[in-house]
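A.B. asks: Protein chains in written order, with this note's numbering: chain A, 1 to 296; chain B, 1 to 296.
Warning: the hint list may mix true and false statements.
Since the list can't tell identical chains apart, any single copy or any two copies may satisfy a pair.
[Said to hold, decoys possible] Restricting the straight-line Cα-Cα distance to at most 25 Å, the calculated cross-link-like pairs of lysine to aspartate or glutamate (DMTMM-like) are:
1) Lys103 with Glu258
2) Lys29 with Asp163
3) Lys29 with Glu173
4) Lys50 with Glu264
5) Lys241 with Glu112
6) Lys295 with Glu258
7) Lys29 with Asp242
8) Lys241 with Asp170
9) Lys29 with Asp269
10) Lys29 with Glu258
11) Lys103 with Asp204
12) Lys241 with Glu39
13) Lys29 with Glu209
14) Lys103 with Glu39
15) Lys247 with Glu39
16) Lys247 with Glu209
17) Lys247 with Asp203
18) Lys103 with Asp69
19) Lys247 with Asp205
20) Lys247 with Asp69
21) Lys279 with Glu112
What the hints contain is simulated information worked out from the structure, not anything from laboratory work. Every value quoted in this text rests on a predicted model; they were computed, and no experiment measured them.
Protein chains: 2
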Amino acid sequence: MHSDVPFAVWSRERQQRIEGVLAEALSSKAMPAPHRLAEAMRYAVLGAGKRVRALLAYAAAEAVGADADDVDAAAAAVELVHAYSLIHDDLPCMDDDTVRRGKPSCHVAFGEATALLAGDALQARAFALIGQSRLGHGEGACVLLADAAGASGMAGGQAIDLDATGGSLDLSELTAMHRMKTGAMIRASVRLGALASKRRSMDDDAALEAYATAIGLAFQIVDDILDVEGTSASIGKTAGKDAANDKPTFVSLLGAAEARKRAETLGRDARSAIAIFGKRARRLAELADWIVLRKN
Amino acid sequence: MHSDVPFAVWSRERQQRIEGVLAEALSSKAMPAPHRLAEAMRYAVLGAGKRVRALLAYAAAEAVGADADDVDAAAAAVELVHAYSLIHDDLPCMDDDTVRRGKPSCHVAFGEATALLAGDALQARAFALIGQSRLGHGEGACVLLADAAGASGMAGGQAIDLDATGGSLDLSELTAMHRMKTGAMIRASVRLGALASKRRSMDDDAALEAYATAIGLAFQIVDDILDVEGTSASIGKTAGKDAANDKPTFVSLLGAAEARKRAETLGRDARSAIAIFGKRARRLAELADWIVLRKN
């Protein structure tokens, strides 16, 4: 797609594209599965979500001159891992949340046991896609995704979060937790997108890593702000949960004004990090702005 | 190891070997992770379990002339997937079982949320191992494991099992369910072990597939018999659960004597299938006997 297309058009096109890839990956043809389980998986994945992680993968691919065709599977895989984590997060034994992406949570719609299995099966499906993709061989895409999703990444961050209820984390601990909980999969999205190019330099990889680290943290800070300032309708999930659960957040530790300032600084840091890509970094830069300025 | 070593010695040596591989894979050095989460993962994996799946991977490798060194990662990966499935199976929203492998279930020992995350992280860890292994590239080990674990395999079988409470499955439906629920990962164990050899013929693969299909079903039939005839102490989990939950089993549909006969027939079928490997199939043949005759 031409680089003079406005961000709103580009992002809508990519969101539609990833929706198609995900629908195909979860179709009964590509994934023969018991009807109710497959329904629960599709319910949790399709037709909603901002697709931030997929957009990051596509934008990173563009920055390093890779084709979107080579990124579809990775972009879908990170969205599947994200969707599975939301299903499990919403379960009664975790955050016990009944609303997600503006509709009843998966376990409310399908029951806890089916939701648990749907999450498990979505994680497996993500690895099937990565393994089938052109990225699946040679450069460790499978390991990259596994480490980002697992105990040293997302699941590890969730475990720290569990123990943090009661406001026991300070700012550096909170930052470290989010670096794992949301940051690891955001970094993986950018790295997997970039893997599609064989022409990357080490400087390219370092620039993308700095970008991903900054926007990963900015994303979480804005999430915390929206949890306080947003409405459940606008953010598509229960607002005010963090305070109700006495969870430490960037807002509880810094105040909303200072948290907002930090998110903006991180957004600028992210943009500077990718300056080396020149015009090719346009979508990454626009995504950084979008992440900082988003209202949901 | 020499092929004249008795099965009991061979299997004990391989069990110790896989224990070491698993302990290393879950060590804080190989897997930096929050302490409590890592503890829960190790608790659920290490120091117990028959390691049937790992033994099958090693035995299949032997049949096709592959080195055990090339199979360690795959053998560990199938055990990690199995262990994660047991954690999630035991959760209150699933089978709600408080005893596993002779000790309190993971969620009893660590709480439901940590157990859920430990299972999730173990699945991811399995794919990290597969991706890092020599099998990780080229022959689709990642896809093979993902399909076996996911909605078309193990998780799909569990979903059918969920809906089956109340005795609604007939024999062919029950067989189809177990072909997914336990059979898929048993077939994957054999196939991953064999992947370590590049010298396999299509006949070899077909023989291994027939073997794995037969012993997968035999394994489940014996499980059903032990659930009725065993004690909780001997089988290391709550006995009599199937009848208490009004679940259809091979025993409830066939009676214990006929179920036993079928398991023995399947054991013989498995042994005939691998005759083409000659002496190299010794461990596979012994495993077939062990699976049929086991008391736990």
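A.B. asks: Does each hint fit the structure? Answer for all of them.
C.D. replies: For each hint, the structure was consulted:
1. In this assembly of identical chains, the alpha carbons of lysine 103 and glutamate 258 never lie at most 25 Å apart, being 32 Å within a copy and 49 Å across copies at closest.
2. Proximity of lysine 29 to aspartate 163 under the C-alpha cut-off of 25 Å is restricted to the inter-copy arrangement: shortest distance 22 Å between copies versus 41 Å within a copy.
3. In this assembly of identical chains, the alpha carbons of lysine 29 and glutamate 173 lie at most 25 Å apart only when taken from different copies (21 Å versus 45 Å within one copy).
4. In this assembly of identical chains, lysine 50 and glutamate 264 lie within 25 Å of each other by CA distance solely inside one copy; the values are 20 Å within and 54 Å between copies.
5. Proximity of lysine 241 to glutamate 112 under the C-alpha cut-off of 25 Å is found in both arrangements, the shortest distances being 21 Å within a copy and 20 Å between copies.
6. Proximity of lysine 295 and glutamate 258 under a CA criterion of 25 Å is satisfied intra-copy only: 18 Å inside one chain copy versus 64 Å between copies.
7. In this homomeric assembly, lysine 29 and aspartate 242 never come within 25 Å of each other (Cα to Cα): the closest approach is 41 Å inside a single copy and 33 Å across copies.
8. For a Cα distance limit of 25 Å, the shortest separation of lysine 241 from aspartate 170 inside one copy, 19 Å, qualifies, whereas the shortest one across copies, 46 Å, does not.
9. Within a single copy, lysine 29 and aspartate 269 get their C-alpha atoms no closer than 44 Å, and across copies no closer than 32 Å, so neither meets the 25 Å cut-off.
10. Taking the shortest alpha-carbon separations for lysine 29 and glutamate 258, neither the intra-copy value of 50 Å nor the inter-copy value of 37 Å comes in at or below 25 Å.
11. For the homomeric pair lysine 103 and aspartate 204, neither the shortest alpha-carbon distance inside one copy (40 Å) nor that between copies (50 Å) is at most 25 Å.
12. Neither within a single protomer nor between protomers do lysine 241 and glutamate 39 lie at most 25 Å apart by alpha-carbon distance, with minima of 28 Å and 29 Å respectively.
13. Taking the shortest alpha-carbon separations for lysine 29 and glutamate 209, only the inter-copy value of 23 Å comes in at or below 25 Å, while the best intra-copy value is 37 Å.
14. In this assembly of identical chains, the alpha carbons of lysine 103 and glutamate 39 lie at most 25 Å apart only when taken from the same copy (15 Å versus 35 Å across copies).
15. For the homomeric pair lysine 247 and glutamate 39, the shortest alpha-carbon distance between copies (24 Å) is at most 25 Å, but the shortest distance inside one copy (33 Å) is not.
16. With identical chains, the CA atoms of lysine 247 and glutamate 209 are never at most 25 Å apart, being 28 Å at best within one copy and 51 Å at best between copies.
17. For a Cα distance limit of 25 Å, the shortest separation of lysine 247 from aspartate 203 qualifies neither inside one copy, at 38 Å, nor across copies, at 59 Å.
18. In this assembly of identical chains, lysine 103 and aspartate 69 lie within 25 Å of each other by CA distance neither inside one copy nor across copies; the values are 31 Å within and 49 Å between.
19. Proximity of lysine 247 and aspartate 205 under a CA criterion of 25 Å is satisfied in neither setting, with 34 Å inside one chain copy and 53 Å between copies.
20. For the homomeric pair lysine 247 and aspartate 69, neither the shortest alpha-carbon distance inside one copy (41 Å) nor that between copies (46 Å) is at most 25 Å.
21. Proximity of lysine 279 to glutamate 112 under the C-alpha cut-off of 25 Å is found in neither arrangement, the shortest distances being 47 Å within a copy and 49 Å between copies.
Of the numbered hints stated above, those contradicted by the structure are hints 1, 7, 9, 10, 11, 12, 16, 17, 18, 19, 20, 21, listed in ascending order.
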